Amino acid sequence: MSYFLDILINLLSFLWNITKVLVPIMIVIEIFKDTKLIDKISDFFYPVTKLFTLSKISGISLLFGIFFGLTFGAGAILQSVKDYNVDKRSVFLLVMFLGPCHAVFEDTFVMNAAGASIVPLLAARFISAIIVTFIFSRAIKKEPIDAIDKH
Amino acid sequence: MVTADTFKRGFKNGISTLIELSKVLVPVYIGVELLDASGLLNILAEFFEPVMSIFGLPGEASLIIILSYFLNIYAGLGAIAAIELDTVQLTTIAIMTSIAHSLITETAIAKKLGVSAAASIVVRVFFSVLMGILYYRMFG
Chain A
530 MSYFLDILIN LLSFLWNITK VLVPIMIVIE IFKDTKLIDK ISDFFYPVTK LFTLSKISGI
590 SLLFGIFFGL TFGAGAILQS VKDYNVDKRS VFLLVMFLGP CHAVFEDTFV MNAAGASIVP
650 LLAARFISAI IVTFIFSRAI KKEPIDAIDK H
Chain C
8 MVTADTFKRG FKNGISTLIE LSKVLVPVYI GVELLDASGL LNILAEFFEP VMSIFGLPGE
68 ASLIIILSYF LNIYAGLGAI AAIELDTVQL TTIAIMTSIA HSLITETAIA KKLGVSAAAS
128 IVVRVFFSVL MGILYYRMFG
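Sequences listed follow chains A and C, in order.
For the first sequence, the working numbering begins at 530 and goes up steadily by one.
For the second sequence, the working numbering begins at 8 and goes up steadily by one.
Possibly wrong hints are sitting among the right ones.
According to the in silico footprint, chain A covers these stretches of chain C (three or more CB under 8 Å from chain A) [what the hints assert, rightly or not]:
{"hint": "1", "segment": "8-17"}
{"hint": "2", "segment": "24-31"}
{"hint": "3", "segment": "56-63"}
{"hint": "4", "segment": "74-88"}
{"hint": "5", "segment": "105-118"}
{"hint": "6", "segment": "121-132"}
{"hint": "7", "segment": "137-146"}
Restraint-style ranges between C-beta atoms, simulated for each label pair [as the list claims (entries may be wrong)]:
{"hint": "8", "chain 1": "C", "residue 1": "ALA125", "chain 2": "A", "residue 2": "PHE663", "range": "17 to 27 Å"}
{"hint": "9", "chain 1": "A", "residue 1": "PHE573", "chain 2": "C", "residue 2": "LEU41", "range": "47 to 57 Å"}
{"hint": "10", "chain 1": "A", "residue 1": "PRO576", "chain 2": "C", "residue 2": "ASP93", "range": "29 to 39 Å"}
{"hint": "11", "chain 1": "A", "residue 1": "ALA652", "chain 2": "C", "residue 2": "PHE77", "range": "20 to 30 Å"}
{"hint": "12", "chain 1": "A", "residue 1": "VAL557", "chain 2": "C", "residue 2": "GLU27", "range": "17 to 27 Å"}
{"hint": "13", "chain 1": "A", "residue 1": "PRO576", "chain 2": "C", "residue 2": "LEU51", "range": "19 to 29 Å"}
{"hint": "14", "chain 1": "C", "residue 1": "SER23", "chain 2": "A", "residue 2": "ASN614", "range": "28 to 38 Å"}
In case anyone wonders, no lab produced these hints; they're calculated from the structure.
Small disclaimer: the values here were computed from a predicted structure and weren't measured.
The beta carbon of each residue, even a glycine, is placed where N, CA and C say it ideally should be.
This is chain C alone, in the form it adopts within the complex (with noise of 0.2 Å):
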């Protein structure tokens, strides 16, 4: 039965995960502002380059997998903020962080199933570099 209770309920939701990404994707943004301010984002942009070009991405895009990958998808949104990126580059980056991210947490939840850790984080590794590269050589 929808009640009005369901719409309460889903607005709490939505507040309550803003308030939860916020926590997380508002340091990273100030953060990666700072290593951009700094200096030391070009540097790590220059070191990366090489492995991003392979997604058509910019080096600057490694920290946004870097994030994605071992803190979350809100923490890569933090740096997806602060990064300027084109829409093709925006959504290779949103391919692979969405099959890939959270790692350690989203292990933790596979492995109470009785799912191995090395299972299922070698499936989804392999699949967001696989499709980011399929992508941006379909598309980009």
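So that you can see chain A by itself, here it is in the shape it has in the complex (with noise of 0.2 Å):
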């Protein structure tokens, strides 16, 4: 019986520790929401979007995937397509970063949760995106516009 019992009481207490983190994350991320924090914080994203040969726009559909998770990020990025004509190649180039690195709150700190330490975590992941993006963003060029015409 008192085998259950540690089950139980091992399952209840880990789900406590993942509540712990998982309602004020979310009220955070709430707060990101209202006060379009990500339209400020773009200013400081933009070297990232250079590096990356991204456009302003496609810096903030890239802080929503990071912050707020796939869906999300996913959701900015078809708007950003229909509103501002976002290239496919951008759009590739975000995918494949959002691909290893996105809701990073959300997954970091359920994670430090359940034991795992956040600044390794946080570190592969980016550095991961970054690697990937960036090894893709020099490997298929701009089409220039005249270059489209020919074809």
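With the hints in hand, could you dock these two chains into one complex?
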């Protein structure tokens, strides 16, 4: 009997640890949205988007995905394609970045609640995303306008 | 504008995420405990021991990776809760599963954006494995 009790207590304390981080994170995320903080910090983020030869608009989609998750990021990307004609190459690079590195608040703190260290976890995800996006940004050439006309 | 509504929405999202994750985490946790009690987990662990040792992980950890890759991070967490690991092992597993998880559903999102499924999966699994090995080699 005490075996089952141990299992139950372990499960409940695990869930409680996750709850303690999940609720505050979701509140912080809502504050982020309501203060339009993403638009404000996108200026500081510009060197990064420039490194990947992406536009400022793409940088905002990227931040959305990094902070709020892939679904939100994808939504922001689709919207930017509609509103600003963001090209296919940019979308590809954004998805390559967001694959290994999205919803960093939620995932990192929940994993931390389970016992993992925060810094290596964040570093590994950002480094992976930066490497893959950088490589693809150099491998896939930006198509100049007249090159498209020739096809 | 941050109003009381902002906090209410955040709180509600937190609770609904918790409910969603519990639906996966709790059954997986119980399932892994059952596998453990039946001795099946041991057989699985022995089978995957050679592969998992590359990451400094016990064979049982293969279950966490499989669940995370194919289902999602919360299924992986259910298994994490049931399997005993130290901080370095937990961090290695967290790195690997954070980089590559929910490959089926998230690849569907990538495809919706016009990115090939293969590119998205290969890149994520590659970095998941690479970073797992690197972290273990550097800090394990």
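Each hint, compared with the structure:
no.: 1; hint: 8-17; verdict: holds (count 7)
no.: 2; hint: 24-31; verdict: holds (count 4)
no.: 3; hint: 56-63; verdict: violated (count 0)
no.: 4; hint: 74-88; verdict: holds (count 4)
no.: 5; hint: 105-118; verdict: holds (count 6)
no.: 6; hint: 121-132; verdict: holds (count 6)
no.: 7; hint: 137-146; verdict: holds (count 5)
no.: 8; hint: C:ALA125 / A:PHE663: 17 to 27 Å; verdict: holds (20 Å)
no.: 9; hint: A:PHE573 / C:LEU41: 47 to 57 Å; verdict: holds (50 Å)
no.: 10; hint: A:PRO576 / C:ASP93: 29 to 39 Å; verdict: holds (38 Å)
no.: 11; hint: A:ALA652 / C:PHE77: 20 to 30 Å; verdict: holds (26 Å)
no.: 12; hint: A:VAL557 / C:GLU27: 17 to 27 Å; verdict: holds (19 Å)
no.: 13; hint: A:PRO576 / C:LEU51: 19 to 29 Å; verdict: violated (47 Å)
no.: 14; hint: C:SER23 / A:ASN614: 28 to 38 Å; verdict: holds (35 Å)
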